[in-house]
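So the protein lines, in turn, are chains A and B.
Letter by letter, the first sequence follows residues 1 to 703 in our numbering.
Letter by letter, the second sequence follows residues 1 to 703 in our numbering.
If you're looking for bench data, these hints aren't it; they were derived computationally from the structure.
Certain hints may be false.
[What the hints assert, rightly or not] Restricting the straight-line Cα-Cα distance to at most 25 Å, the calculated cross-link-like pairs of lysine to any residue (SDA-like) are: (1) B:Lys497 x B:Ile518; (2) A:Lys700 x B:Gln59; (3) B:Lys351 x A:Ala226; (4) B:Lys28 x A:Glu201; (5) B:Lys244 x B:Arg274; (6) A:Lys608 x B:Gly617; (7) A:Lys344 x B:Ser304; (8) A:Lys301 x B:Phe346; (9) A:Lys700 x B:Glu98; (10) A:Lys305 x B:Gly347; (11) A:Lys394 x A:Gln158; (12) A:Lys485 x A:Lys497.
[Unchecked claim] Pair ranges (Cβ atoms, derived): (13) A:Lys700 x B:Ser190: 41 to 49 Å; (14) B:Tyr695 x A:Glu155: 17 to 25 Å; (15) A:Lys700 x B:Ala177: 36 to 44 Å; (16) B:Tyr249 x A:Pro681: 20 to 28 Å; (17) A:Pro24 x B:Tyr695: 37 to 45 Å; (18) A:Pro24 x B:Ile100: 53 to 61 Å; (19) B:Asn68 x A:Asn68: 51 to 59 Å; (20) A:Arg686 x B:Tyr584: 50 to 58 Å; (21) B:Tyr249 x A:Pro654: 41 to 49 Å; (22) B:Arg274 x A:Phe656: 28 to 36 Å; (23) B:Ser513 x A:Pro489: 45 to 53 Å; (24) B:Ile100 x A:Glu685: 31 to 39 Å; (25) A:Glu3 x B:Ser352: 45 to 53 Å; (26) B:Arg583 x A:Arg686: 54 to 62 Å.
Heads up, the beta-carbon is just placed ideally off N, CA and C, and yes, glycines get one too.
There are 2 protein chains.
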Amino acid sequence: MSEFNTISRPSQRPDLLNNTTHFPELPKSGPLTEYRRRATIDWRKVKLAFNDEASLELQQKVWNFFQNNPLFARPSQTLSLDESRRLATKRMYAIKEENIFGIDALLERPDFMGFFSHLLMAYDPSFSIKFSLGFGMFPSVIQALDVGRLSHLVEQNQRGEILGSFGLTEISHGTNAKGMRTTATYDVKSKEYILHTPDFEAAKCWIGNLGKTCTHMVCYAQLYTADGKHHGLNAFVVPIRDPKTLNAYPGVIVGDLGEKAGLQGLDNGFVMFRNYRISRDYLLARTGDVNEEGVFVSPYKDESKRFGASLGALSGGRVGICGIANMYLMKAISIAIRYSASRKQFGPDDKSEEWPVLEYQSQQYRLYPHLANAFTIKMFTLWFAKIYGEIFLKTLTGERVEHVGMEIHALSSAAKAICTWAARDGIQESREACGGHGFLKLSTLGDLRGDNDPNCTYEGENNVLIQQTSNWLLNVRSSGYENFKVASPLGSAQFLKDYANHNNFRASWKTPSEATDINVIMEALNWLVAYLLDTTAQKVANLKKQGKSSFTARNESQSFYARTLSMTYGERVIMFAAMKFLRYLEDGPEKVALTRLVSLFGANVVIKHVGVFYQGGYFAKTANALELLQQGVLDLLPLITVDSVALIDAIAPPDFVLNSPLGMSDGEVYKHMESAILQAPEALERPKWWREVVYRDYVKPKL
Amino acid sequence: MSEFNTISRPSQRPDLLNNTTHFPELPKSGPLTEYRRRATIDWRKVKLAFNDEASLELQQKVWNFFQNNPLFARPSQTLSLDESRRLATKRMYAIKEENIFGIDALLERPDFMGFFSHLLMAYDPSFSIKFSLGFGMFPSVIQALDVGRLSHLVEQNQRGEILGSFGLTEISHGTNAKGMRTTATYDVKSKEYILHTPDFEAAKCWIGNLGKTCTHMVCYAQLYTADGKHHGLNAFVVPIRDPKTLNAYPGVIVGDLGEKAGLQGLDNGFVMFRNYRISRDYLLARTGDVNEEGVFVSPYKDESKRFGASLGALSGGRVGICGIANMYLMKAISIAIRYSASRKQFGPDDKSEEWPVLEYQSQQYRLYPHLANAFTIKMFTLWFAKIYGEIFLKTLTGERVEHVGMEIHALSSAAKAICTWAARDGIQESREACGGHGFLKLSTLGDLRGDNDPNCTYEGENNVLIQQTSNWLLNVRSSGYENFKVASPLGSAQFLKDYANHNNFRASWKTPSEATDINVIMEALNWLVAYLLDTTAQKVANLKKQGKSSFTARNESQSFYARTLSMTYGERVIMFAAMKFLRYLEDGPEKVALTRLVSLFGANVVIKHVGVFYQGGYFAKTANALELLQQGVLDLLPLITVDSVALIDAIAPPDFVLNSPLGMSDGEVYKHMESAILQAPEALERPKWWREVVYRDYVKPKL
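With these hints in hand, go ahead and build the complete structure from the sequences.
Right under this line is the structure:
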């Protein structure tokens, strides 16, 4: 069980299944009842496949806290920007003081690090991000990079006396961190650093908590010593606001970036320093320090390695984002499936009752690929969180994790792009699949879209980020395919050591069901990645042969090559982890139902890249390979339909968390809509400005 | 020139080119200057390809009005729901009284019907939709369907005394209009109709202007006569609110649907009638009437034809939406291209200056497909607006337009889906291509996304709507391919009369440039549609052979078949219209640049459906067909880059309309951002609730 902490086998925990706190009874009547009756699966067993007792209990603790704390009551209309920040801030302090998942709990279950935060985000992303940044990331970065001078700040932070933030990005430089222009110059006389921002383009920006609330900030700046020598980007802790007044200190121009397309409660800010002085102690000196006499000393010789080490503390971000995006997707698809099972429209003839729209093939094939993404990625994130948790513990004890670190970097870069785009596309499809009603604010689908949106661009803009993955794959390959054995301790790319086998493989499926067999699909994905790795390497080589520089060759081999390589590698890893997950499950209809979703996930990956399969000759021996695969997909749709509502019951959060009249567990879409719409503020009132409609003295007719 | 009113040939109008009102000078310095210097094209000539003098003048009039009317000043922060409705309402009355494009202008240039409304929408969609619904659609529907009893309402409306709305959809029935349950029962004694809504599920909903402001509504209800006989859905004009007090009349429960994911200023409402009585005169009786004695009389025998005729007045909606979506896409891609040309990041080495991100292949291939969509669809909408305008005039004079009507219906159904999804995807890619800054509200990209969003689901949810297209194609085909000649007077499907030629055609391109030749691509698209029509028909036939009903056969032939057929037919029509457009242009670099965009559009259609091409054997004679096509696409990217900024200069609205610091014509992204961010309300202030951060008496530490 070592690869999946949270998988529970129902036969080993029959007591758990009957625990009505974790598995509350579902509504006995209403539009979803018929689907629940027809289901071949027990939704509780599916839920137990994704949860152990500890995760169920943690969930319950968090849900209880939300339900019993007046700060977490849902406002009856959208708050103003200022009020949304205010509420998020108060909620942040409330969860902080509640101390539900503290450091002891973390050390016991490091795989819950992300899980806990996703539970908070499922209810309200803004406050959760504020909490993670201010009381999680801020002290962790200090602990990881400090040399024992700043532990008092960590203690103050843990007591809630100071609030942190983390700043790297500048207005005109994000991806290219080396181009950043905020400077920190050591002044020998005063033993201080002088922070300076040359202009607005060099303002640190996008920093959560900085806009209105934080008192301190971890800030990266170009370090100069008095001799004028430059020592690269270094991290400092910078006091920003007086914790007693919340006024910014002189020399600090700090402000708010304003409204966004989502995450309104999070106060993203910017800061410019005007020759602002901070104590020598405030350099986070683990990777290099300036001694009192002004001489820079570092255990690292290579500056880029030193910078890498100082950023290493951040690699968990992308792992976490995969889970966050998956949570958003799960919420959206839960709403869309329940809505589609409740909403009826048309039928075989005018006489008979109308069909639920979920019964139509076109509705199924627009939603189930996203349902399959949601579940398959969920399996992947459990595996990924477990692995990352273990590595996190190792780094705490100072263990070297070089190869794993590289693999995690490549893997998380591709996975973050795939998971956030899967959420983006699945939320949008869910929104459209609910028709006009999905456009109502109360559906929450618009907010899910807006809140997931920044996941696609922060912690590495997806399109740029995935270049890290192809670079790694090409690098390992350049010293021979056998190197993938060592370079991929997590197994994400180990299969490439048998490059030739995969590359020579050809599709030989003979039936639709064979074509959608997960092992058969995995063979296809193995071939796909192997083929793309080889053709991308050739493309780069050809460009270089034409006399192009490495930079140009890399640039000109992205579209159709390196980019697709990164994506398919990531898609394959997700399938790979999901197949591991399935192997741990007990046999039974639940395993069958989940396997179908993984099949559909994989089949859609093949269909998406079908051009490459034809191009590379993978279908050469099977003329009707694509027809068979398509038929296999069509055959899956009605089978998934039977269990779709029960699958959602297994993963949807409680109604008060999901919070959408379109997706409640009783399926009473219209009753909940009626109730929400009629009770909305001023819904039935004449507008206060009615006179401006009746008497229009602000316009004069023009003839 | 009959197919494109607005194309102007620069050589014939050199005077126009030098008109600095229509072609203001561009900034002479700043980040975009270098791109403008390198461009092979004169942006003014490109602009003139899409405009004649009349359209330029109409634009100028509208822009001037916006700039000189205080109601149209941009608010400095997002308004509350109520304030956004208030402002949109006042703006609506302001544009109404200005009477810029009245009925005389419309009769002269019916192709400007949509164009004028797109100009308004480019500035503020909500007020523009309110205006179109309240003072455009409402009186037109009355004029089209009334029998001379309600012209006083049209006059009152034109004087601004009453405001209209239009309601068909109910809470639980949208697509399936026949399932609607609002009733109108004729009472012989009082000579009135009694309108009744059985429950909230039957409430009319989503009706723009109904939420807060309209006084009257065109409302569809199931008509019953006193003898209990049912006469189908009929349209009534229903008084909703007293024009003097804006209070709803007794018996009318009318309210607001609340916040949405966009178009906040538009007051979408719902209404329920409680045995509400309206005069007999208020039935729109053109397609059927109840005489005073309570007998239903109609010139139509077939009820569904009668219903079709009563809805016929609405077919312009989808034509208009194509243009609206294109306008949103143009705005988004303008912002993304200018931003990418201004934003610099990385470079060949640490020494040299950083490159604009637009120079990277990955950025080019994420943006140019949307740039190509924007321009190609623009060409299509000009053709479509012209055709629709002519048909509109014919229907006014009572001319029969049967075949054209069917073709327009099929064509507009597919085109609406393609154009709105193109906008959806292009806006999202533009938002991500601007990195984090694209997530700022001030970028406007989030609002563009939210405002375009309902286009995908209203006037027919796209996925359901496109089934109309495949149904039409399959229908015409069922009586023989030769019938496409008669059935397709507009030419959208005439090519199918030569089915066999297209179906036997095979790719034979030999070079990348040949593969991306627009004529070669058109051959491929001809084959694609022909092949899919045939395989879809076979699929349906096979399902029927298995004993399935027509309903089931149609349902089960959607994915991979009918759906793809509809989409490819629509994509081909867009290419078809664009090629007509290109033929009208004068030779020169502008024509070359625009042709490249149409090439890229078509090449991407082929690449998207590459599985079908392989499956159907289209590449059988050319083993490396896909490689050549991909290389052709890659070869286009740098050529488009050279002219990209000039292309945007030709189509971007003025800065004050585009209104995004990321996309201003001077390219000074960071200066505009600095200015906007620092001047935002409360940007630098300590929050008023700072005490709640410093003293946290609302939380108690839990140990």
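Taking the hints in turn, this is what the structure says about them:
1. B:Lys497 x B:Ile518: holds (21 Å)
2. A:Lys700 x B:Gln59: holds (22 Å)
3. B:Lys351 x A:Ala226: holds (24 Å)
4. B:Lys28 x A:Glu201: holds (22 Å)
5. B:Lys244 x B:Arg274: holds (22 Å)
6. A:Lys608 x B:Gly617: holds (19 Å)
7. A:Lys344 x B:Ser304: Given that 25 Å is the threshold and the Cα spacing comes to 21 Å, the pair holds.
8. A:Lys301 x B:Phe346: Satisfied, since the Cα-Cα distance of roughly 24 Å is no more than 25 Å.
9. A:Lys700 x B:Glu98: holds (8 Å)
10. A:Lys305 x B:Gly347: With Cα atoms ~20 Å apart, Lys305 (chain A) and Gly347 (chain B) stay inside 25 Å; holds.
11. A:Lys394 x A:Gln158: The given pair, whose Cα atoms are some 23 Å apart, holds under the 25 Å limit.
12. A:Lys485 x A:Lys497: holds (6 Å)
13. A:Lys700 x B:Ser190: 41 to 49 Å: holds (42 Å)
14. B:Tyr695 x A:Glu155: 17 to 25 Å: For Glu155 (chain A) against Tyr695 (chain B), whose Cβ atoms are near 20 Å apart, the range 17 to 25 Å holds.
15. A:Lys700 x B:Ala177: 36 to 44 Å: holds (42 Å)
16. B:Tyr249 x A:Pro681: 20 to 28 Å: holds (23 Å)
17. A:Pro24 x B:Tyr695: 37 to 45 Å: holds (39 Å)
18. A:Pro24 x B:Ile100: 53 to 61 Å: holds (60 Å)
19. B:Asn68 x A:Asn68: 51 to 59 Å: holds (56 Å)
20. A:Arg686 x B:Tyr584: 50 to 58 Å: holds (53 Å)
21. B:Tyr249 x A:Pro654: 41 to 49 Å: holds (42 Å)
22. B:Arg274 x A:Phe656: 28 to 36 Å: For Phe656 (chain A) against Arg274 (chain B), whose Cβ atoms are near 33 Å apart, the range 28 to 36 Å holds.
23. B:Ser513 x A:Pro489: 45 to 53 Å: holds (47 Å)
24. B:Ile100 x A:Glu685: 31 to 39 Å: Given about 33 Å between the Cβ atoms, the range holds.
25. A:Glu3 x B:Ser352: 45 to 53 Å: Given about 47 Å between the Cβ atoms, the range holds.
26. B:Arg583 x A:Arg686: 54 to 62 Å: Holds - the Cβ-Cβ distance for Arg583 (chain B) and Arg686 (chain A), about 56 Å, lies within 54 to 62 Å.
Every hint, counting from the list given before, is met by this structure.
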